[in-house]
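Protein chains in written order, with my numbering: chain D, 267 to 393; chain V, 267 to 393.
I should point out that these hints are in silico values taken from the structure, not numbers from a laboratory. A couple of the hints might just be wrong.
Same chains, same names: a pair is fine if it fits in one copy or spans any two.
[Unchecked claim] No farther apart than 20 Å at their CA atoms in a straight line, the calculated lysine to any residue pairs in the SDA-like style are these: (1) K322 to N392; (2) K376 to G348; (3) K299 to S338; (4) K376 to I354; (5) K376 to M267; (6) K376 to D336; (7) K299 to A368; (8) K291 to S331; (9) K299 to L332.
There are 2 protein chains.
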Amino acid sequence: MDVPDSVRASMRQTNALFESEVVRKRDIDALDKVYTTDARILPPGADLIEGRAAIKEFWRQAIASLGVTDASLTTVDAEAAGDTVVEIGRAALTLGEGHTVAVKYVVHWKEEDGAWKWRTDIWNMNQ
Amino acid sequence: MDVPDSVRASMRQTNALFESEVVRKRDIDALDKVYTTDARILPPGADLIEGRAAIKEFWRQAIASLGVTDASLTTVDAEAAGDTVVEIGRAALTLGEGHTVAVKYVVHWKEEDGAWKWRTDIWNMNQ
Numbered sequence: 267m268d269v270p271d272s273v274r275a276s277m278r279q280t281n282a283l284f285e286s287e288v289v290r291k292r293d294i295d296a297l298d299k300v301y302t303t304d305a306r307i308l309p310p311g312a313d314l315i316e317g318r319a320a321i322k323e324f325w326r327q328a329i330a331s332l333g334v335t336d337a338s339l340t341t342v343d344a345e346a347a348g349d350t351v352v353e354i355g356r357a358a359l360t361l362g363e364g365h366t367v368a369v370k371y372v373v374h375w376k377e378e379d380g381a382w383k384w385r386t387d388i389w390n391m392n393q
Numbered sequence: 267m268d269v270p271d272s273v274r275a276s277m278r279q280t281n282a283l284f285e286s287e288v289v290r291k292r293d294i295d296a297l298d299k300v301y302t303t304d305a306r307i308l309p310p311g312a313d314l315i316e317g318r319a320a321i322k323e324f325w326r327q328a329i330a331s332l333g334v335t336d337a338s339l340t341t342v343d344a345e346a347a348g349d350t351v352v353e354i355g356r357a358a359l360t361l362g363e364g365h366t367v368a369v370k371y372v373v374h375w376k377e378e379d380g381a382w383k384w385r386t387d388i389w390n391m392n393q
């Protein structure tokens with residue numbers, strides 16, 4: 267089912283927070299506005315990580331150790347599933363001074379405190 | 267929201283088909299009963315693959331080239347989302363004569379032709 271434009275707009279705002287606040291400014295606390303409290307992430311090279319506090323620690327270390335300087339998220343497909351949304355997307359991550367890595371992901375979105383956030387987030391690399 | 271027991275039973279049947287028919291017996295056509303017609307997979311090391319025919323070709327090559335001899339799928343969490351289900355799971359893949367790889371995944375399930383099938387399937391490795 268189609269995702270209403272108002273929901274898509276809220277999703278874009280959340281993704282923009284990840285791009286600009288979390289990655290570019292390295293403001294890890296901005297993840298409070300990106301992930302739901304009970305979120306789960308499934309990163310390549312690590313086990314399932316549950317809860318926003320643990321997720322913030324993961325990103326703090328990952329962004330620093332990989333030297334992520336930029337991120338650009340693009341929705342490929344989003345479909346409504348009850349009062350949630352399942353999204354397929356692509357991410358371009360810039361490491362260091364300009365090496366770009368192609369990432370694809372699935373995010374299960376939920377509304378929490380009036381904003382659309384990532385409840386479940388899994389990704390992998392194209393190469 | 268909770269997933270009804272009858273749906274969980276259908277999901278388990280589908281996963282069992284993948285384990286026994288597709289992987290152990292290398293019956294790639296059994297994927298017709300695993301993926302929806304319009305399914306999408308997001309494999310590590312490759313781009314997004316859309317449609318069951320292309321997905322079958324992916325698995326035909328992947329199972330042969332990696333020498334996958336066994337697979338065991340375990341649901342970690344499943345929640346209803348409208349008339350669909352979002353599942354987090356773990357997979358143990360046996361390569362060759364006994365090397366096991368730990369995989370985790372997210373599957374978005376839909377009912378098609380009276381059976382629960384994988385509409386969206388993404389995974390990555392723990393190591």
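- Message: Which constraints among the numbered hints does this structure fail? Numbers only, ascending.
- Response: 6, 7 and 9
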